[in-house]
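K.L.:
These protein sequences, in sequence, are chains A and B.
Be aware that the first sequence starts at 307, since it is given in the working numbering, and climbs by one per residue.
Be aware that the second sequence starts at 76, since it is given in the working numbering, and climbs by one per residue.
Calculated from the structure, these hints are not laboratory results.
One or more of the hints may lead you astray.
Where chain A lies over chain B, by a calculated footprint (3+ residues, C-beta under 8 Å) [to be verified]: (1) 199–205; (2) 221–234.
Ranges between beta-carbon positions, derived for each pair [what the hints assert, rightly or not]: (3) 307/A to 243/B: 37 to 47 Å; (4) 323/A to 227/B: 35 to 45 Å; (5) 95/B to 346/A: 41 to 51 Å; (6) 319/A to 135/B: 22 to 32 Å.
BS3-like cross-link-like pairs, simulated, lysine-lysine; straight-line CA separation at most 25 Å [stated by the list, open to error]: (7) 139/B to 217/B; (8) 217/B to 361/A; (9) 217/B to 131/B; (10) 217/B to 366/A.
Even glycine gets a Cβ: it sits at the ideal position worked out from N, Cα and C.
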Amino acid sequence: MAVRILFLGPLSDLAGAGEREVAGPLDWDGLLASVGPQVAGQLRDDRVNVACAGKVLADKTALAAQDGEEVALLPPVSGG
Amino acid sequence: MARKWRCSLRCRVARLSVRSPADIRLLDRGLSVGEGLAAFNAAHGEAGAIASFLGKVRPDGDVKALELTHYAPLTQPGMESLAQQAIARFSLDGVLAWHRVGVMQPGDAIVLVAAAARHRRDAFDATMFVMDHLKSAAWFWKRERRGSDPDGEWRWVEPRGEDHADLARWTTPD
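Next comes chain A alone, as it looks inside the complex (with noise of 0.2 Å):
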């Protein structure tokens, strides 16, 4: 089992890819180590916003994903 991380909209650019798996259990530390230096800076950005289990996180910095679960990265959006 293990974490996997979904990199949405502009974020799957510069992580070179849609998705990643990564060894659980997964804490904002360790996401900022495993996403690389672009997608990490991204996150710090109040705009971008992380999903863990299908639930927006109100405070990403406490992340806590276990494994089987999905962490997704959500940068600013736009629809319509």
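Based on the hints, put chain B in the right spot on chain A.
P.N.:
Chain B alone, transformed into the frame defined by chain A:
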């Protein structure tokens, strides 16, 4: 031949129906505007007013294609929640919000929103409320391809400041 004809008649009778009070859909292919609005109108016979908005891929400039991506675990639940907020805030009989995902061409429909209410003001306002939230507070990411090269580069579309200002007015006192 006769059997075929009967079948096609039956298919025409089995028209598209919408869920009430909220019909929220993510569509990965064509969005049928006429059918959607006709079904929405039929579902809300008690309404005195129905307003609608259709957003399209602008056919100007050299934009050749537009792609919308979403994140399924959040996008549809977020739209459902937005619809419930609109129903409560504007005393709606019903609301419809259909949003395309995937690749679209200039002129294609991207989003259809409709609101049914007793009176026109609530229907107009609810339609704008839902659209303003879909533009800058729903989980969609948009990129576009310009120029004549079919293998040309895709560029992500940044959210616009105006869109955030449009959203902000719903959180300030009227």
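K.L.:
Run every hint past the structure and note whether it holds.
P.N.:
Hint-by-hint comparison with the structure:
1. 199–205: violated (count 0)
2. 221–234: Three-residue rule met by the stretch 221–234 of chain B, so holds; n is 4.
3. 307/A to 243/B: 37 to 47 Å: holds, 42 Å
4. 323/A to 227/B: 35 to 45 Å: violated, 21 Å
5. 95/B to 346/A: 41 to 51 Å: holds, 46 Å
6. 319/A to 135/B: 22 to 32 Å: holds, 26 Å
7. 139/B to 217/B: holds, 14 Å
8. 217/B to 361/A: holds, 22 Å
9. 217/B to 131/B: With Cα atoms ~13 Å apart, residue 217/B and residue 131/B stay inside 25 Å; holds.
10. 217/B to 366/A: Roughly 24 Å separates the two Cα atoms, so the pair holds.
Comparing the model with each numbered hint stated earlier shows that hints 1, 4 do not hold.
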